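Asks: Sequence:
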Amino acid sequence: MRPFNQSLVVYIIWFLLIGAAGFAVYEQQWDALFVTILTFALTFAPMQFQRFYHVQIPVFFTSAIIVFTYSTLFLGEIADFYERLWWWDVFMHGGAAIGFGLIGFIVILMMFRDNKYAAPPIALSWFAFCFAMTLGVIWEIFEFGMDELFGLNMQKSGLADTMYDLIVDTFGAFVGAAAGFFYLKGKWFGGLAGMINEFVETNQDLFDEKK
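So the sequence shown is numbered by my numbering: it starts at 1 and just counts up by one.
Just so you know, these hints were derived from the structure itself, not from any lab.
Here the structure is a predicted model, which is why all the values come from computation and not from measurement.
All clues given are correct.
So the derived label-pair ranges between C-beta atoms look like this:
1. 122 / 28: 50 to 60 Å
2. 120 / 8: 35 to 45 Å
3. 27 / 50: 34 to 44 Å
4. 112 / 194: 14 to 24 Å
5. 60 / 23: 25 to 35 Å
6. 120 / 19: 43 to 53 Å
7. 204 / 149: 36 to 46 Å
8. 170 / 83: 17 to 27 Å
9. 126 / 31: 32 to 42 Å
10. 197 / 29: 41 to 51 Å
11. 110 / 149: 29 to 39 Å
12. 145 / 122: 28 to 38 Å
For each residue, glycine too, the CB sits at the ideal point set by N, CA and C.
Could you put the whole structure together from the sequences, leaning on the hints where they help?
Replies: Structure, rendered in structure tokens:
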């Protein structure tokens, strides 16, 4: 997918970030400028991933990743949503964990493409769950690093915030892994399992068994 072949919401986010960067320069708010530039750069990560690994990410997947990046870094830190909305951090972690669960399941599914019966659905879903939880832990480390290096407040109340985040990550990872389980069992009617099916259909060559 080309960088400029995106949904309308992605164009809007890019426009807002460019405007915010200009405003930060005008106001000489260098911390805000750094976070804005970082957010803008990370919105191109899905396209670069496709380019280097020859994977086609559906537009909805790409848009969801970019919206999450924008919501977490820019809205959360620059617009101060973490302080204004008590549920924002919970919402972000829950959404991320579900996404990580889906990604983990897709990765595991590709690993078993040569023999789809090498492991039962429950085992594949368990590995997807563990994958999502690991990414959740890495994110907590990222939050700690941002707070320590740039004086942000991503962790809020420290240990309590971290533990609540990990609990939310657990529920989100379970939902994502469960979607993968129902996909393998053929019991899905759109929704998250449908998103997995869309990715598989878009990248059929990655999942076909080798002859």
